[in-house]
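Enquirer: Residue numbers (UniProt numbering), protein chains in the order written: chain L, 1 to 267; chain Y, 1 to 267.
Do not take every clue at face value.
To be verified - One-sided and incomplete, this derived list gives chain L residues near chain Y with beta-carbon spacing under 7 Å:
#, residue
1, Ser109
2, Ala112
3, Thr116
4, Phe145
5, Gly146
6, Met243
7, Ala244
8, Phe247
9, Ala254
10, Ala257
11, Ile258
As the list claims (entries may be wrong) - Restricting the straight-line Cα-Cα distance to at most 30 Å, the calculated cross-link-like pairs of lysine-lysine (DSS-like) are:
#, chain 1, residue 1, chain 2, residue 2
12, L, Lys205, Y, Lys212
13, L, Lys234, L, Lys212
14, L, Lys205, Y, Lys205
15, Y, Lys205, Y, Lys163
16, Y, Lys234, Y, Lys212
17, Y, Lys234, L, Lys212
These are computed hints drawn from the structure, not numbers from a lab.
Each residue gets a CB set at the ideal place from its N, CA and C atoms; glycine is no exception.
Number of protein chains: 2
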Amino acid sequence: MTRNLIPIDSAEDPRIAAYRNIRERDLVGRQGRFVAEGRVVLNVLFSTSRFTAESVFLRENRVAGLFDLIERIPETVPIYTASASIMDEVAGFEIHRGILAIGRKRETSGEALLDTLPEAALVVALSGISNHDNMGSIFRNAASFGAAAVLLTDDCCDPLYRKAIRVSVGAALKLPFARFSDTATLATALHDRGYSILALSPQGKIDIAEIKRDPRHALLLGSEGHGLSEEDMKRLPTARIAMAPDFDSLNVAAASAIALHRLWCPV
Amino acid sequence: MTRNLIPIDSAEDPRIAAYRNIRERDLVGRQGRFVAEGRVVLNVLFSTSRFTAESVFLRENRVAGLFDLIERIPETVPIYTASASIMDEVAGFEIHRGILAIGRKRETSGEALLDTLPEAALVVALSGISNHDNMGSIFRNAASFGAAAVLLTDDCCDPLYRKAIRVSVGAALKLPFARFSDTATLATALHDRGYSILALSPQGKIDIAEIKRDPRHALLLGSEGHGLSEEDMKRLPTARIAMAPDFDSLNVAAASAIALHRLWCPV
Chain L
1 MTRNLIPIDS AEDPRIAAYR NIRERDLVGR QGRFVAEGRV VLNVLFSTSR FTAESVFLRE
61 NRVAGLFDLI ERIPETVPIY TASASIMDEV AGFEIHRGIL AIGRKRETSG EALLDTLPEA
121 ALVVALSGIS NHDNMGSIFR NAASFGAAAV LLTDDCCDPL YRKAIRVSVG AALKLPFARF
181 SDTATLATAL HDRGYSILAL SPQGKIDIAE IKRDPRHALL LGSEGHGLSE EDMKRLPTAR
241 IAMAPDFDSL NVAAASAIAL HRLWCPV
Chain Y
1 MTRNLIPIDS AEDPRIAAYR NIRERDLVGR QGRFVAEGRV VLNVLFSTSR FTAESVFLRE
61 NRVAGLFDLI ERIPETVPIY TASASIMDEV AGFEIHRGIL AIGRKRETSG EALLDTLPEA
121 ALVVALSGIS NHDNMGSIFR NAASFGAAAV LLTDDCCDPL YRKAIRVSVG AALKLPFARF
181 SDTATLATAL HDRGYSILAL SPQGKIDIAE IKRDPRHALL LGSEGHGLSE EDMKRLPTAR
241 IAMAPDFDSL NVAAASAIAL HRLWCPV
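Using the sequences and the accompanying hints, generate a full structural model.
Expert: Next up, the structure:
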C-alpha cells in the first residue's frame with residue numbers, strides 16, 4: 001500500500017479542527033455535513049456516490065487492520081492519523097473504535113430521488129419525526145425490510161446526526177433519503193408516480209393486518225407527539241395497528257417495524 | 001384535603017437524601033428500589049400492591065394540580081415539597097415535571113408470579129437483555145399487546161432503572177415482572193404450566209407469520225449481542241422474522257413488536 005497518511009502530533013492542529021468536540025457540535029444542526037464513525041459506516045461512506053468525504057481521522061494503531069478500507073478512500077481525501085490520547089483529546093471523549101471521517105451528503109431533491117427508484121418499491125415517508133433515536137430506529141427497520149428510500153418533511157430531524165447514524169447501525173447512510181417542504185407536497189410527488197400511500201395512525205381505518213402490498217407502496221408515519229394532521233388523515237388511506245385498549249400506544253419506531261414487516265415482499 | 005405536606009427549605013435536608021444526584025446514582029444497580037417520576041408513573045405506583053413508596057417529593061407549585069394523586073398516597077408515606085431551585089439542586093439536574101417518589105418493588109419469585117396469571121395469557125421472557133432502552137421499549141410493546149407479565153433471567157438489566165421506566169412510558173411499573181436464575185429454569189417453569197414457548201431468532205425455523213397463538217404462549221427473546229444460546233435454540237421451538245437478506249438485523253425491541261403483534265389476540 002502506498003497511500004500517504006498524515007500524522008498529527010498535536011490536538012491543536014488546524015487540519016483536524018472539524019473533529020473538535022464532536023459531541024457538543026452535534027447539538028447544532030449541520031445538515032449535509034456529518035461525522036461518520038466506525039468501519040461499517042466508513043465502508044458505506046466510500047461505496048456510494050451519494051456521499052463525499054472531507055477527511056478521515058484514524059487512530060494510528062488501527063491503520064494496519066484497515067488496509068481494505070484505506071484502499072477505497074480517494075487520493076484527494078486526506079487521511080490523518082494520531083495516537084489514542086490525541087484523538088480523544090480532539091474529540092472530547094473516548095473514541096473507542098478509533099475510526100472517524102467527516103462526510104458530506106450530495107443534496108438531491110425528493111422528486112429526483114423518487115425518479116431513480118425501481119418499478120416496484122417500498123418507501124418510507126416521515127412527517128415531523130423529531131427524535132434522533134426514533135429516526136435511527138426507523139432507518140434500521142426500513143433497511144431490514146428492503147425499503148428503497150426514505151422521504152422526509154423539512155421539519156424532520158437529521159438522519160445524519162451522530163446518534164441517529166449509530167442507532168440505525170449505518171442504515172442512515174445506506175438508504176437514500178431526501179426532503180420535501182411538507183406532507184402535502186410529498187404525497188403529491190408519490191401519487192404522481194403511482195405510489196399507494198398508507199398513513200399509519202392509532203385512528204387508522206383499516207387494520208394493518210388486512211393491507212395488501214401494491215408494487216409501489218409508501219408508508220407514511222407522523223410525528224411522535226401529534227401524529228399526522230387531520231387534513232392528511234382525511235386525504236389519505238389510513239391503517240391502524242390493533243392493540244390492547246388500556247395502554248397508551250406504540251412508539252413510532254415500533255409501529256414502523258410492524259407495518260414494514262407487513263408491507264415487505266421478499267423478492 | 002387535609003393531607004400533611006412537609007416543606008423542605010434546604011437541599012442538605014437529610015429527609016430528602018434519597019433524591020440526591022439521581023442521575024449519577026442510577027448508574028449503580030439498586031434492584032427493587034427505584035426513582036419514580038411524573039404523574040403517570042406515580043399513579044401506577046400508588047394503584048398496585050406490587051409496590052410500596054418510601055416518600056414523595058413534589059415541587060410546591062405542582063401541589064394544587066395533584067390533589068387526585070395526593071389522595072391516593074397512604075398516610076404513612078411522607079410527602080415532601082420544595083421550590084424548583086431546591087428540587088433541581090437536590091436531584092442534580094432540572095426536574096421538569098416536579099414529581100418524584102422513591103418506590104420499592106415487593107420481591108416475587110418467577111414461579112409465584114406465573115401462578116397468578118389467568119388461564120389464557122401471553123408472557124414475554126427475556127434472556128440477557130442488557131440495554132435499558134431495549135428493556136423499556138420491550139415493556140412498552142408488551143403492554144401494547146396485552147402481555148400479562150415479563151419474565152427475566154438474572155443477567156437482564158433492571159426494568160426499574162430510571163431510563164427504562166421512561167422509555168417504557170410507565171409499562172415497567174404496570175406489567176408485573178419477576179426473575180429466574182437462567183433460561184433453562186425459566187423455560188421449565190413455563191412448560192410446567194402449559195405454556196408454548198416461542199424463541200425468536202434470526203436463525204429460527206418457522207416464519208413468525210405462520211405461528212398460531214396458543215392460549216398460554218411465551219415469547220422468548222435473547223440478548224442484543226449473542227442472541228439465545230445454541231442449547232436453548234435446540235431445546236425450544238424457534239421462529240424468525242423474514243427480512244431483507246443484505247442488512248444486519250432488527251433491533252430486539254423492534255423484533256419484539258412484530259412478534260407480539262403476531263401473538264396478540266384481542267379479547
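Enquirer: Hint by hint, say whether it matches the structure.
Expert: Structure-based check of all given hints:
no. : hint                : verdict
1   : Ser109              : violated (26 Å)
2   : Ala112              : violated (24 Å)
3   : Thr116              : violated (18 Å)
4   : Phe145              : holds (6 Å)
5   : Gly146              : holds (4 Å)
6   : Met243              : holds (5 Å)
7   : Ala244              : holds (4 Å)
8   : Phe247              : holds (4 Å)
9   : Ala254              : holds (4 Å)
10  : Ala257              : holds (4 Å)
11  : Ile258              : holds (5 Å)
12  : L:Lys205 / Y:Lys212 : holds (25 Å)
13  : L:Lys234 / L:Lys212 : holds (20 Å)
14  : L:Lys205 / Y:Lys205 : violated (34 Å)
15  : Y:Lys205 / Y:Lys163 : violated (34 Å)
16  : Y:Lys234 / Y:Lys212 : holds (20 Å)
17  : Y:Lys234 / L:Lys212 : violated (35 Å)
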